[in-house]
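Asker: From first to last, the protein sequence lines stand for chains A and B. For the first sequence, this note's numbering assigns the number 59 to the initial residue and increments by one for each residue that follows. For the second sequence, this note's numbering assigns the number 59 to the initial residue and increments by one for each residue that follows.
Please keep in mind that the hints were generated in silico from the structure rather than gathered at the bench. One or more hints might be untrue.
Unchecked claim - BS3-like cross-link-like pairs, simulated, lysine-lysine; straight-line CA separation at most 30 angstroms:
(1) K127/A with K97/A
(2) K127/A with K74/A
(3) K122/B with K122/A
(4) K125/B with K127/A
(5) K127/A with K74/B
(6) K127/B with K74/A
Said to hold, decoys possible - Beta-carbon label-pair distances, calculated as ranges:
(7) V66/A with S115/B: 24 to 30 angstroms
(8) Q65/B with F117/A: 22 to 28 angstroms
(9) G90/B with E119/A: 20 to 26 angstroms
Each residue gets a CB set at the ideal place from its N, CA and C atoms; glycine is no exception.
2 protein chains.
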Amino acid sequence: MYTLSKQVATVYVGRKPLMNYVLAVITGFNAGAEEVTLKARGRALSHAVDVAEVARSRFLEGVKVGKIKIGSEEISIEEQNRTRNVSTMEITLTRSKPKPKVKPKRKRSQKEKKE
Amino acid sequence: MYTLSKQVATVYVGRKPLMNYVLAVITGFNAGAEEVTLKARGRALSHAVDVAEVARSRFLEGVKVGKIKIGSEEISIEEQNRTRNVSTMEITLTRSKPKPKVKPKRKRSQKEKKE
Numbered sequence: 059m060y061t062l063s064k065q066v067a068t069v070y071v072g073r074k075p076l077m078n079y080v081l082a083v084i085t086g087f088n089a090g091a092e093e094v095t096l097k098a099r100g101r102a103l104s105h106a107v108d109v110a111e112v113a114r115s116r117f118l119e120g121v122k123v124g125k126i127k128i129g130s131e132e133i134s135i136e137e138q139n140r141t142r143n144v145s146t147m148e149i150t151l152t153r154s155k156p157k158p159k160v161k162p163k164r165k166r167s168q169k170e171k172k173e
Numbered sequence: 059m060y061t062l063s064k065q066v067a068t069v070y071v072g073r074k075p076l077m078n079y080v081l082a083v084i085t086g087f088n089a090g091a092e093e094v095t096l097k098a099r100g101r102a103l104s105h106a107v108d109v110a111e112v113a114r115s116r117f118l119e120g121v122k123v124g125k126i127k128i129g130s131e132e133i134s135i136e137e138q139n140r141t142r143n144v145s146t147m148e149i150t151l152t153r154s155k156p157k158p159k160v161k162p163k164r165k166r167s168q169k170e171k172k173e
C-alpha cells in the first residue's frame, strides 16, 4: 500500500477502509519520512482528501498539507476499443517541525545538574 | 448554481451531470471573471476535479489550475444527535492570458500596409 524511498513516502489510495490509509501515512512519518504523498484517481479522490484530513487533524501534530496537484490520465477500455479520461490527484503532507527527542534531553538535564 | 461578484465567480459542485458545471465555469469566464472557484464537499470532490479537468483541457484555452485548498466541515446529524466531519475542497481556475482582441489587430495590420 505504500512505498518509502529516502525521505519521501507514497500512499496509493483506493477502495480500502479509510483507516488503512491513515495508518499507512502515520507509518510513513514514523519511518522517518519528511513528506508523505497521497495518490488517487477516479472516485477515490474524495477518499484521499478524507485520509489527509483525518491523518492531519486527529493523528499527526505538526503535519501540514503541502502541494496539491490535479490532472487526468487516459485509461483504455479494451472491451469497447476506446479510451476514457480519469481524474488524478496528489496530496503532499509535510512535517513542519521535527519530532521531540526525549532521550537526549534527559542526558542534558543530568549534565546540567552535575555542573 | 453559480454566483458572480466583481471578477471572481464561484461554482458549487454537487450531484448534477458534469457538463452542467462545466457550462457554469465557461459562463463565468465569458461573463468577464478572472477567476472561477469550484467548491465541493463529500463525494462531490472527485466530481469537482473532473469538472476542472474537462473545462480546462477541452473548453478553455489559457485557463490554469491555481490554488487548491482542502479542509473539513462539521455537519450535525439531527436524527442521531451527533456531528460528522465532511471533507471540502476549493479549486481555483485562473485565466492566464487575456482574450485575443480581433478588431484592434486588423486595424494595426492595415496601418502597417499603409506605412
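Asker: Run the structure past the numbered hints and jot down the numbers of the failing ones, going up.
Answerer: 8 and 9
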